[in-house]
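Engineer: So the sequences go chain by chain: Z and X.
With the working numbering applied, the first sequence closes on residue 315, and no number is skipped along the way.
With the working numbering applied, the second sequence closes on residue 315, and no number is skipped along the way.
It is worth saying that the hints were derived from the structure and are not from the lab.
Hints may contain errors.
Identical copies go unnamed one by one, so any copy, or any two together, can satisfy a pair.
Derived pair list, reagent style SDA-like, types lysine to any residue, alpha-carbon separation capped at 25 Å [said to hold, decoys possible]:
#1 128 to 107
#2 128 to 276
#3 308 to 242
#4 308 to 16
#5 128 to 298
#6 45 to 195
#7 45 to 90
#8 49 to 85
#9 301 to 130
#10 49 to 200
#11 49 to 190
#12 301 to 112
#13 49 to 191
#14 128 to 155
#15 49 to 189
#16 49 to 267
#17 45 to 193
#18 301 to 240
#19 128 to 193
#20 301 to 153
#21 128 to 240
For clarity, every value in this text was computed on a predicted model and none was experimentally measured.
2 protein chains.
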Amino acid sequence: MSDIVDWVAVDWGTSNLRAWGIAPDGTVALERSSAKGMGKLTRDQFPAALAELLEGVTGTRAGPLDVLICGMAGARQGWLEAPYLEAPTDLRALLLGAVQPEMPDSRFAPAILPGVCQKAGADNVMRGEETQLLGLAALHPGFSGIVCMPGTHSKWASLAGTHIESFSTAMTGELYEVLRTHSVLRHSLSGDLDGPGRTEGFAIGARTGLDHPEQLLGNLFQVRASALLSGRQPDWCAGYLSGLLIGTEIGSNRHLIGEDPVPLVGAAGLCGLYTQVLGMIGATGVPQDTTKVVLAGLKAARSYAA
Amino acid sequence: MSDIVDWVAVDWGTSNLRAWGIAPDGTVALERSSAKGMGKLTRDQFPAALAELLEGVTGTRAGPLDVLICGMAGARQGWLEAPYLEAPTDLRALLLGAVQPEMPDSRFAPAILPGVCQKAGADNVMRGEETQLLGLAALHPGFSGIVCMPGTHSKWASLAGTHIESFSTAMTGELYEVLRTHSVLRHSLSGDLDGPGRTEGFAIGARTGLDHPEQLLGNLFQVRASALLSGRQPDWCAGYLSGLLIGTEIGSNRHLIGEDPVPLVGAAGLCGLYTQVLGMIGATGVPQDTTKVVLAGLKAARSYAA
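Between the sequences and the hints, there should be enough to build the whole structure, so can you do that?
Structural biologist: Written as structure tokens, this is what we have:
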């Protein structure tokens, strides 16, 4: 692997920073990552974090090396705000909306892709997922349907080729974390959360959420009541809470799920759980290789402006 | 007001401790309160907290003074666990289920009333609310219907006279607090939360929750998106979140709400908000005087064992 590349693709999220050096033939010549996610940096620390990550990397051509960035680096509290494109929109327009943050180190020419917002109907925002959606469109030409992107803030997007029609956000992952850590449910969720009861609790929680997404506020308390009355252990309770939240998310999006398989873009373990719950309503989840998807998205975004 | 009383009624909650000295004619002879709620005490601190509160109070008869306690003092992590009665049950049986904790100070003879649990269908528990329900039954003889008890963990109970048929718990108040304090929504909820935008945000959130209780996971993120895209201020966002959660709670219990007015037992401000949201679906909330209700419940509990 050479340190001489044509351009650099960067996924700069809240928690992590990842970069791929792309060779002239389009292959990945080098891959680097750091823990310097947007959430850990002040505005003036971004240039140094990028320069540090790309130490020793040079371009195949004279002049500064193009660095194309997607994700939270473009948020208001990031490096430089990249204004949202508004859905419905064609994601091939991403590069046109990119912004160029100042970079004291003149060896690099960074550009940050915009996120996508939605104002018709309900306000919504995404940042980073739009590039993954474009990557999905590039990897699966002609795909049209709903895409599920599980995570801290799960996204459900209606995609038709490179067009994003509409999307929503479910606070599933974050709700799991704040309830586990800060609510009364924490009493039932301290200890070994990965014991053998987790699988059973997950299945019961998922079924409950799928069948009654409108009862989430009530079903959450089942975690506590089941621990007090039925002696449910922390592993069972953690499984139930996880299943309940994922089941509720999928149950509330059931009207969007048809006969076609649903691509899942997110962490592998999480996508496995979503696949399991989708299967409980006869739907098929298809976990994607998220690294491949984001990289395809950055490549596609760059290609549409050439 | 005299310090000589027939017996003492005590509501010992998580946050507060309140006591009423009852005269032989049934009137309240004295009233005292302290911040020594169950949540702030270790097991061995309960006797001293009670003796301190009742300093100088003596009985009209020889021997120890009866002190009848309801609430979280009877929880597993309280003074002495008072095992639950199981619903459906007649709340006139509460005193039969009471437990006598050890009290080194022999001037007082405390007894703690049990909570009520539910195992048929979905596990559930209440502790303190059962006494309020018995009080409601005493104040409104012949009442039969659904009772809404807004709070950190809201209860919805089906009551027929002194019989509790079934109940559920919604984590509405606690969810508001953990989201406001610990989730990404905190960014949109810091500042003056009581400004003029709160009323409008509340009404919009409540309507959204009432119409789509199954979309809570998605609607929560509207707080963040509305702040980012529509410049919604913290007061509007706080109102929206509060309205959304209350609307979702009431929307998910809509099948229980008939033509009859719904008694509301809880903090006055909160009951006002619930009344407003119930009005949006043509229902009538009737806030109760919660102190009167709990006192009536303790009196009734005591009377049924005489």
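Engineer: It remains to establish, for every hint, whether it holds in the given structure.
Structural biologist: Hint check results:
1. In this assembly of identical chains, the alpha carbons of residue 128 and residue 107 lie at most 25 Å apart only when taken from the same copy (20 Å versus 57 Å across copies).
2. Taking the shortest Cα distances, residue 128 and residue 276 never come within 25 Å of each other, neither inside one copy (28 Å) nor across copies (37 Å).
3. In the homo-oligomer, the alpha carbons of residue 308 and residue 242 never lie at most 25 Å apart, since the shortest distance is 47 Å inside one protomer and 38 Å across protomers.
4. Taking identical chains as interchangeable, the C-alpha atoms of residue 308 and residue 16 lie at most 25 Å apart only when both belong to the same chain, with a minimum of 10 Å there against 79 Å between chains.
5. Proximity of residue 128 and residue 298 under a CA criterion of 25 Å is satisfied in neither setting, with 30 Å inside one chain copy and 44 Å between copies.
6. In this assembly of identical chains, residue 45 and residue 195 lie within 25 Å of each other by CA distance solely across copies; the values are 23 Å between and 30 Å within a copy.
7. For the homomeric pair residue 45 and residue 90, the shortest alpha-carbon distance inside one copy (18 Å) is at most 25 Å, but the shortest distance between copies (49 Å) is not.
8. In this assembly of identical chains, the alpha carbons of residue 49 and residue 85 lie at most 25 Å apart only when taken from the same copy (14 Å versus 41 Å across copies).
9. For the identical chains of this complex, residue 301 and residue 130 are neighbours neither inside a copy (32 Å) nor across copies (46 Å), given an alpha-carbon limit of 25 Å.
10. In this assembly of identical chains, residue 49 and residue 200 lie within 25 Å of each other by CA distance solely across copies; the values are 23 Å between and 29 Å within a copy.
11. When the C-alpha separation of residue 49 and residue 190 is checked against a cutoff of 25 Å, the pair qualifies both within a copy, at 21 Å, and between copies, at 20 Å.
12. Taking the shortest alpha-carbon separations for residue 301 and residue 112, neither the intra-copy value of 28 Å nor the inter-copy value of 68 Å comes in at or below 25 Å.
13. For the homomeric pair residue 49 and residue 191, the shortest alpha-carbon distances inside one copy (22 Å) and between copies (17 Å) are both at most 25 Å.
14. When the C-alpha separation of residue 128 and residue 155 is checked against a cutoff of 25 Å, the pair qualifies only within one copy, where the shortest distance is 19 Å, while the shortest distance between copies is 39 Å.
15. Taking CA atoms no more than 25 Å apart as the test, residue 49 paired with residue 189 passes in both settings, with 23 Å inside one copy and 21 Å between copies.
16. With identical chains, the CA atoms of residue 49 and residue 267 are never at most 25 Å apart, being 40 Å at best within one copy and 52 Å at best between copies.
17. Only between protomers do residue 45 and residue 193 lie at most 25 Å apart by alpha-carbon distance; the minimum there is 19 Å, versus 33 Å within a single protomer.
18. Within a single copy, residue 301 and residue 240 get their C-alpha atoms no closer than 44 Å, and across copies no closer than 36 Å, so neither meets the 25 Å cut-off.
19. For a Cα distance limit of 25 Å, the shortest separation of residue 128 from residue 193 across copies, 20 Å, qualifies, whereas the shortest one inside one copy, 36 Å, does not.
20. In this assembly of identical chains, residue 301 and residue 153 lie within 25 Å of each other by CA distance solely inside one copy; the values are 19 Å within and 61 Å between copies.
21. Proximity of residue 128 and residue 240 under a CA criterion of 25 Å is satisfied inter-copy only: 12 Å between copies versus 47 Å inside one chain copy.
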